[in-house]
Each structure stands twice: as C-alpha cells, then as structure tokens.
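Engineer: Sequence:
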Amino acid sequence: MPGTFGLLSPATADPQLRSLTDDDAVVAAVLAVESAWVAVLENAGLAPAGSAASVQEAVREGSFDAAELAAAGQGGGNPVIPIVARLRTLVAGRNAPAAAAVHASLTSQDVLDTALMWLARRAVAALREDVAGAAAGLAGLAKSHLDTLQVARTLTQQSLPSTFGLKAAQWFHGLASAAARLDAIEFPVQFGGASGTLAAGSVLAASAGTDPFTLADSWARELGLAAAPAPWHTNRAAVTALGDALASLCDAAGKVANDVLLLSRPEFGELAEPRAAGRGVSSAMPQKQNPVLSVLVRSAALAAPHHAAQLHLAAALSVDERPGGAWHSEWAALLSLLQLAGGALAALREVACGLQVFPAAMRRNLGLSGALLLSEAVSAAVVPLLSDGGGSAGGRELFQAAVDRALAAPAGDQGAEFARLLRDAVPRHALSDAGLDALLDPAGYLGESRAIVTRIFAAHPQWAPEGTSHE
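Under the working numbering, the first residue of the sequence shown is numbered 3, with each subsequent residue one higher.
No wet-lab data here; the hints were simulated from the structure. Careful: at least some of the hints might be erroneous.
With beta-carbon atoms standing in for the labels, derived distance ranges [what the hints assert, rightly or not]:
#, residue 1, residue 2, range
1, Asn237, Arg366, 52 to 58 Å
2, Ala229, Gly271, 29 to 35 Å
3, Ala229, Phe7, 34 to 40 Å
4, Pro231, Ala106, 27 to 33 Å
5, Pro412, Asp435, 31 to 37 Å
6, Ala106, Arg62, 19 to 25 Å
7, Arg366, His330, 53 to 59 Å
8, Arg62, Asn260, 45 to 51 Å
9, Asp185, Ala210, 21 to 27 Å
10, Gly414, Ser331, 19 to 25 Å
Ideal Cβ positions, reconstructed from N, Cα and C, are used throughout, including at glycine.
Given the sequences, and given the hints that come with them, work out the whole structure.
Structural biologist: Pasting the structure below:
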C-alpha cells in the first residue's frame, strides 16, 4: 500500500517510532480523545448509559482509513471533521442516542490539540527510555575514563590536556539538561468550544448542574493529560515548550555525534562506533566502516531547529480567537520533531552504550603538541627564571621566543623541541630536571576535571546511575 515510511529520512524510519507518530497514530489519538469525552459525559449524566461502550465498540470494530480521511479532511481544513463524521455514523448504527454525545460542545481544535498532546505524551514516554539508556551509557564512559588523558581542542586546535572522562561527562550534562526540560513539560487538554468562550459547553453542563471546567478536568484525568486553566486556542506555549524541549534533546545528541564523527576519523582514531552486521557499509568501497549512527543523529540535529522555529512562527502569527493557517502549520512540525528526537535518541543510546574508546590513540594525539600544551602552566613558573635581570617583561619575551621556535619545528616534534629549549634556557640550579619534567607532565595540569565530573553527576541525580559519584 502506498505510504511514507522514512525512506529519505533514515533517522526516523524505525517502524516502532513511526507507529507512535504516523497518520494512523493521529487517527487513533483523535478517536481516543472523542471516546474519552463521551465517557466523561456519560459519567456526568449528559449522555445515555452505554454511550461510552458503544463508542469504544465503534472505534474497535470500525474502519478508519487514514488515506481516505486525509483526503476528506481537505474539505474542512482538518482531519477531525471526517473522523467525527465517520465515528458518528458507526455509533448511530449501534446506539443512535449515543451518537449525539460524540463531539458534543467540542470544536475541531479542541479535539486535535488534545489528540496531539495525547499522542506526544505517549511518544515522549518511549523517547524517555532512550534518554535514560543514553544517559547511563554516557555516565558509564565518564566513570570508566575519568583519568584517560585526551587533548582538549578549541577553535579546531589543540589547547590543553584534559580527559575523555570529562568530555563524556559534558555529553551527559548536555543530554540530562535537555531531558530536564522535557520532564517539565505538561500535556494539557484543549477546551473552549467554537470561539474559546465555552458557550456550548456551559449550556451542556448546566443541564446536569455542573460546569464545563469540571467536565474538562474530568476529560484530562480520563486521558492522563494535564488540566488547563483556560482554553489555549491562540496561546501556543504548550506547543512551543514541547518543541523547544525536543529540539534541545536533538542539540545535545548532535554534540555527541559531532565529536564522535571527528574523533573516529582515521587521522584521529580515538573513538569508533559499535559495529553491527550491515551497518556503516559503502556501496562501492568494501573497506569503509562509516560512523552511520552519528551521521543519522547529526542529520536529525540539523533538521530539528527548523521545525521548532516553525512552531514559534505559528505561535507568533496566531490571530483572533482561532488561528487560520498558523495552527495548521504546527501539526507536521510537531510530529517531525517527535520523530527526529526519537530517532536521534535511539541512535545515541546505541552509540553511548557501545562506543569503542582508544586511550593509546588519545595519548598519541596529545603527544603531537606534547610539552607545548603546558605552556600556560609553565610560563608562570619559568618566566621569573628567564628574566635575567630584565624584569618580568624580559622573561616573557624569552619565553615567547622559545614557544615560537618550537612552533617552527615539524608537527609532532614541537613538544620535544619546546622542552629542549626550556632546558637550555633555565639554569638547572633554578629548576631541576625532575622539576621541569613535573611541569611538563600533562596529568599534572588537569585543573578541576574530576570535581567538574562529580558536580555534573550531582546536578542530575535522576539520570546518573549509582556509582557515578567520585567524591
């Protein structure tokens, strides 16, 4: 059967992921929302006994073809209208009085906004499992490689000694911070009726001695969603907050992927993705082992911000009491963000839990600059010893001259040349060989790397597995 399966979006092509966000999932969400509303009305005495069961039977046994409903939805500008029409017809065939309760006092936006919140909550619950798995994997890397030396790079150049444990902890920090934003999201029901006044809802509720706010709160409980203090037809903060949280997860995953892509180049050789049959292959070059998981994560991270921006654009251009066009442009953007975040986190989890780390390559690459990486630390100790009566300015000039001469040496020899120049320039009675070696030991200039890792884990205890504290 023709359909869209993610052929040109491999990061989102997982069938389980797409089943939570595809057209069939949207139809199911709308039906769940409509069914829950009838149950609320029946419980309040506003629908005949047995109405909810009749609706549930119609949903369970009826045919709701997403392709047909999509085509029919063009007539009214949204899919709720044909879905409701189909549902009423099916219910009427089983229980005519119950059909009148379907969609009673609701408007299409009430249903679709609520349905998308219901769908998003389910998708986020699945996504969160991958967040937890990825966070555990990154935390494990940080713990295992707390003292694994690795050169830090700034503006593409080697800068100072660091550790791979700190890098992995910063990956964890980014992911956990984004996950905290996701955990703060509420998924509210939408209610308001045709123009956000609850006019029809008030009339309906009054006949049972209640009010539409009470009905809406019951609807939220029935669906497992959050109650809303007021209709939010044109106040789209619930949607933009969710979009921003999803985009932030993609950002965090993208950072990890970018680093893995760089450090898995053969020229670096510090990392490698977990291998699996058929993954990373080339159609032309048998020797290739492409880091395809990180490629897919990066593709999702590059696409996500544009969808989040679309949600903000739609929110900013919502007009009147029900928006035209702007609201419609949200739907695909929100579903795309759920798909992209889900795909990115599933791939990230596999990377984090199976990443191959090569400490020897890290130490080799750190050695390319060698002693030069310690110039910041060495200058404080050595400049006073180089003053030769010329004051600190003269010492700094001599020290910089040694750095410049070392940089003129071939790559890979610069560190050794710098160490030799320092030894020649500084009298041994002022600084012994052992003292100079200690100054040039990269493991001795790691700052507060261990403390930073500990603080990161302490800041996110809900995502840090037991045993990741280093105090």
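Engineer: Could you see if the CB distance from Ala106 to Arg62 stays within 19 to 25 Å?
Structural biologist: 21 Å, holds
Engineer: For the range 34 to 40 Å, tell me whether the beta carbons of Ala229 and Phe7 fit it or not.
Structural biologist: 37 Å, holds
Engineer: With 29 to 35 Å as the target window, see if Ala229 and Gly271 comply at their CB atoms.
Structural biologist: 55 Å, violated
Engineer: Does the Cβ distance between Pro231 and Ala106 fall inside 27 to 33 Å?
Structural biologist: 22 Å, violated
Engineer: Take a look at whether the Cβ-Cβ distance between Pro412 and Asp435 falls inside 31 to 37 Å.
Structural biologist: Given a distance of about 25 Å, which is not inside 31 to 37 Å, the answer is violated.
Engineer: May I ask you to test the hint 19 to 25 Å on the CB atoms belonging to Gly414 and Ser331?
Structural biologist: Violated, since Gly414 and Ser331 (Cβ atoms, about 54 Å apart) do not stay within the stated range.
Engineer: Should the hint that Arg366 and His330 are 53 to 59 Å apart at their CB atoms be regarded as holding?
Structural biologist: 56 Å, holds
Engineer: Quick check on a hinted range of 45 to 51 Å for Arg62 and Asn260, using CB atoms only.
Structural biologist: Between Arg62 and Asn260, where Cβ atoms are some 47 Å apart, the hint holds.
Engineer: Could you check the hint for me, namely that Asn237 and Arg366 are 52 to 58 Å apart, CB to CB?
Structural biologist: Distance hint for Asn237, Arg366 holds at roughly 56 Å.
Engineer: Starting from the hint 21 to 27 Å, judge whether the C-beta atoms of Asp185 and Ala210 obey it.
Structural biologist: 37 Å, violated
Going down the numbered hints, you'll see the structure goes against 2, 4, 5, 9, 10, while the others check out.
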